[in-house]
Amino acid sequence: MLREPLRDLTDQPSARALEYLRAAAALRTVVRWALALVLGVAIALIAGGASNWALEIIVGALGLLLLSMIWFAGVLPTLVVRFYRHEIHDDAVLIQRGFFTRRHAVVPFARVQSVSMNRGFVERRFGLGTVVLQTAAGNESIPMLDDGVADELRVRLTERARWSIDDI
Amino acid sequence: MTSEVERKRLPVRGIFIKAIESTRFLAYPIVFGVLAGGGLETFSRVGVFLPWLVGSAVLSVIAGWLSWLRLHYWFEDGQFRLEQGLLSRKRTFIPLEKVQAVDITVGIVQRVLGLVQLEIKTGAAGSQAKLSALTREEAERIQARLRQGRGVEQPAAAAAAASSYRLTARQLMLAGATSGRLGVVLGGVAWVFSLTDDLVFEYMATSLSVDFDPSRVLETDPLIVAGLVVVGLIVSWLGAVLWELLTYGGFEAARHGDDIVIRRGVFEQRQVTLPIRRVQAVRYYETLLRQPIGHGTLYIEAVGHQEEKGQATVLHPFLSRSDCQKLIADLLPRFDVEYEYVRPPRRALPRFLIKPSLLVALPVAISAWFWTPAVVGFVTLPLVWFIGYVSWRDVGLSLGEEIAVVRGRSYLRRTTAILLRETTQIAASNASLLQRRRSLATVALTVATGPVGRTFKARDLDQHDAWNSLSWLVTEQPGSDVS
Chain A
1 MLREPLRDLT DQPSARALEY LRAAAALRTV VRWALALVLG VAIALIAGGA
51 SNWALEIIVG ALGLLLLSMI WFAGVLPTLV VRFYRHEIHD DAVLIQRGFF
101 TRRHAVVPFA RVQSVSMNRG FVERRFGLGT VVLQTAAGNE SIPMLDDGVA
151 DELRVRLTER ARWSIDDI
Chain B
1 MTSEVERKRL PVRGIFIKAI ESTRFLAYPI VFGVLAGGGL ETFSRVGVFL
51 PWLVGSAVLS VIAGWLSWLR LHYWFEDGQF RLEQGLLSRK RTFIPLEKVQ
101 AVDITVGIVQ RVLGLVQLEI KTGAAGSQAK LSALTREEAE RIQARLRQGR
151 GVEQPAAAAA AASSYRLTAR QLMLAGATSG RLGVVLGGVA WVFSLTDDLV
201 FEYMATSLSV DFDPSRVLET DPLIVAGLVV VGLIVSWLGA VLWELLTYGG
251 FEAARHGDDI VIRRGVFEQR QVTLPIRRVQ AVRYYETLLR QPIGHGTLYI
301 EAVGHQEEKG QATVLHPFLS RSDCQKLIAD LLPRFDVEYE YVRPPRRALP
351 RFLIKPSLLV ALPVAISAWF WTPAVVGFVT LPLVWFIGYV SWRDVGLSLG
401 EEIAVVRGRS YLRRTTAILL RETTQIAASN ASLLQRRRSL ATVALTVATG
451 PVGRTFKARD LDQHDAWNSL SWLVTEQPGS DVS
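These protein sequence lines map, in sequence, to chains A and B. Each step along the first sequence adds one to the number in my numbering, with nothing skipped, and position 21 is 21. Each step along the second sequence adds one to the number in my numbering, with nothing skipped, and position 19 is 19.
If you're looking for bench data, these hints aren't it; they were derived computationally from the structure. Built from N, CA and C at the ideal position, the CB exists for glycine as well. Among the hints, a few may not be true.
Among chain A residues calculated to face chain B with C-beta under 10 Å, some are [what the hints assert, rightly or not]: (1) Arg103; (2) His104; (3) Ala105; (4) Val106; (5) Pro108; (6) Ala110; (7) Arg111; (8) Ala136.
Okay, the calculated bits of chain A under chain B, using three or more residues with CB under 8 Å as the criterion [claimed, not checked]: (9) 78-92; (10) 137-148.
In silico SDA-like pairs for lysine to any residue, Cα to Cα no more than 25 Å straight-line [claimed, not checked]: (11) B/Lys457 <-> A/Phe83; (12) B/Lys98 <-> A/Gln113; (13) B/Lys457 <-> A/Gln134; (14) B/Lys8 <-> B/Val109; (15) B/Lys457 <-> A/Arg103; (16) B/Lys326 <-> B/Glu401; (17) B/Lys457 <-> A/Gly98; (18) B/Lys98 <-> A/Gly138; (19) B/Lys457 <-> A/Thr101; (20) B/Lys98 <-> A/Ala110; (21) B/Lys355 <-> A/Thr101; (22) B/Lys457 <-> B/Arg438; (23) B/Lys355 <-> A/Arg103; (24) B/Lys457 <-> A/Asp8; (25) B/Lys355 <-> A/Phe100.
Work out the full structure, taking the sequences as your base and the hints as a guide.
The structure is reproduced here in structure tokens:
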């Protein structure tokens, strides 16, 4: 195993991963801008009345919202999604992610203390789950797996981790 | 075994320590009042100072007595058990084999009462037991008991150590002079000056027989300012030396059987006992001031053991590189190996030079745009290149059968970490777009220490070498699976 340097790993996330990434990013962007807008309006009201520039500012904000939507929900997910990969080996899990900075991590089963599954608010809408491997020094996660796959993986990893556990 | 379930209380004197511990906050209003209101008279004038003091004292003794009444500890079923708490009762059961470290501290108050504080640390963050007032004999008995529970046959900590390391007075002075605390103390001195500046200015002005006018002092006499700066620097430096003396005075690190015992401190004495097999990594830290004189600080990383929040345990505050090797061979033989570094390739060198250069050149260029003489700032560039080159030279990674050595520099300090393969939790290789263009990657090895672990990085290695670190963590025969 692990022969070629920094190759792409084999197992990919769910086919719905792209949709999920887009939805999650869109939601985040909207929430962020909505917060900014509300805060801005509140400050304007407290500072005393609408200024002459109110319209321009709102148009500008909407323009920025559109731009960040295109980038965060449109472009970025397509770039990133290809690189969420993982592989399960006999004695370890390999995890890969990232477009700009690509990270390859390895977690030996012997170091896994517990395996858990997280399903976020948006993830649930898409029937996805994240498997989290907990070690004594932080977590590594395999995100955006189909519910069934994630469950199966969690069970498998838990088994593995159980018979290779050792005292740290 | 009747002695097994004998529930014990702290000695009666401990009430005072509990009292001080549990009601320290009552003193805060006074401290704030004095600092903000400017003088103790504020209190006596309003007539609250004395009643407050007496009330606090009475309250704290009652609180101390109550918590003393409630606190019991005992050994049962191979566990250390602690029960405490007035309103919400808290029970802590610590299985003896889970004990990671035992710290004995003697604060100033404890010293007066002839007591010590004992802390039992386990791997879990925050789950530990603290007995703040024990007689020394009782503390030693508990310690022996804990050691027994771990199934370790050995003499008590009081027995002579196989080999021990101390600090000479000269080393202590050097350590203080080169300690990074200078900055912290400097801040403190500046603050004191700011509180008392009028007085100081007045005093200095009169002693230098200059006409005193606080508003014009900066313009009129640069001599005074220069004098103040010099005095401030000297006081800060002395403060740093003093700090180091107080913290590490009486320092001793020694091996007792399977434990490492570290003692230090003048006013507050501290004794840390760590089982050797709990040590996950050691880290040798060379700061800008200490590297030229060939010295550094040696830390140990052990699961769950931190002296204070976020601080690793200091195994030796000030020792030379060769002594470091000797100490490791003596106290931590598992970490004593020969190693040879894999280093970043030559094509990685520009990455070490370009980014710091830009960090310096851009601000200088921008300032020069507005104020031409600022171009002088460019003379620092050679220094930046030198640091960049040294950083490139310093990076190293060595993957041995049982241990890995990771060396790197973050601008002004060099870190050499030795970690065990069996306790390394995660190995990762990170490569940014720019790194990938040059087939480079940064290796990150994470060991368990503290709540989130600590990651050691070797940056800009060849991709193959980075990838090897991943196989190193997994394969049973490291090196056999190298492509």
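Hint check results:
1. The interface hint given for A/Arg103 holds, since its Cβ lies 5 Å from the closest Cβ of chain B, which is under the 10 Å cut-off.
2. Annotation: A/His104 was flagged as interfacial toward chain B, and the flag holds, the nearest CB pair being 5 Å apart, inside 10 Å.
3. A cut of 10 Å between beta carbons decides the hint on A/Ala105: the least distance to chain B is about 4 Å, and the hint holds.
4. Restraint check, A/Val106 versus chain B: the minimum CB separation of about 4 Å is within 10 Å; hint holds.
5. At about 6 Å, the closest approach between the beta carbon of A/Pro108 and any beta carbon in chain B falls short of 10 Å, and the interface hint on this residue holds.
6. About 8 Å separates the beta-carbon of A/Ala110 from the nearest beta-carbon of chain B, less than 10 Å, and the hint is met.
7. A cut of 10 Å between beta carbons decides the hint on A/Arg111: the least distance to chain B is about 5 Å, and the hint holds.
8. The interface hint given for A/Ala136 is met, as the beta carbon of that residue sits about 3 Å from the closest beta carbon of chain B, less than 10 Å.
9. For a cut-off of 8 Å, the count of residues in the stretch 78-92 of chain A with a CB near a CB of chain B stands at 3, and the three-residue condition holds.
10. Given a C-beta distance limit of less than 8 Å, the hint that chain B covers the stretch 137-148 of chain A holds, as 3 residues qualify and 3 suffice.
11. For the hint linking B/Lys457 to A/Phe83, the alpha-carbon distance of about 23 Å falls within 25 Å, and the restraint holds.
12. A C-alpha spacing of about 16 Å is found between B/Lys98 and A/Gln113, which places the hinted pair at or below 25 Å, so the restraint holds.
13. Restraint check for B/Lys457 and A/Gln134: the C-alpha separation of about 21 Å stays at or below 25 Å, so the hint holds.
14. Our distance criterion of 25 Å between C-alpha atoms is met by B/Lys8 and B/Val109, whose separation comes to about 22 Å.
15. At most 25 Å may separate the alpha-carbon atoms for a hinted pair to count; B/Lys457 and A/Arg103 meet this at roughly 13 Å.
16. A hinted pair counts as satisfied when its Cα atoms are at most 25 Å apart, and B/Lys326 with B/Glu401 qualifies at roughly 21 Å.
17. Among the hinted pairs, B/Lys457 with A/Gly98 is consistent with the structure: their alpha-carbon atoms are about 18 Å apart, no more than 25 Å.
18. A distance of roughly 20 Å separates the Cα atoms of B/Lys98 and A/Gly138; the hinted pair therefore holds under the 25 Å criterion.
19. This hinted pair checks out: B/Lys457 and A/Thr101 have alpha carbons roughly 15 Å apart, not beyond 25 Å.
20. Taking the CA atoms of B/Lys98 and A/Ala110, the gap is near 19 Å; set against the 25 Å cutoff, the hint holds.
21. Distance hint between B/Lys355 and A/Thr101 is fulfilled; the C-alpha atoms sit about 17 Å from each other, no more than 25 Å.
22. The suggested pairing of B/Lys457 with B/Arg438 holds, with an alpha-carbon distance near 18 Å, which does not exceed 25 Å.
23. A hinted pair counts as satisfied when its Cα atoms are at most 25 Å apart, and B/Lys355 with A/Arg103 qualifies at roughly 21 Å.
24. About 22 Å separates the Cα atoms of B/Lys457 and A/Asp8, which keeps this hinted pair within 25 Å; it holds.
25. Among the hinted pairs, B/Lys355 with A/Phe100 is consistent with the structure: their alpha-carbon atoms are about 17 Å apart, no more than 25 Å.
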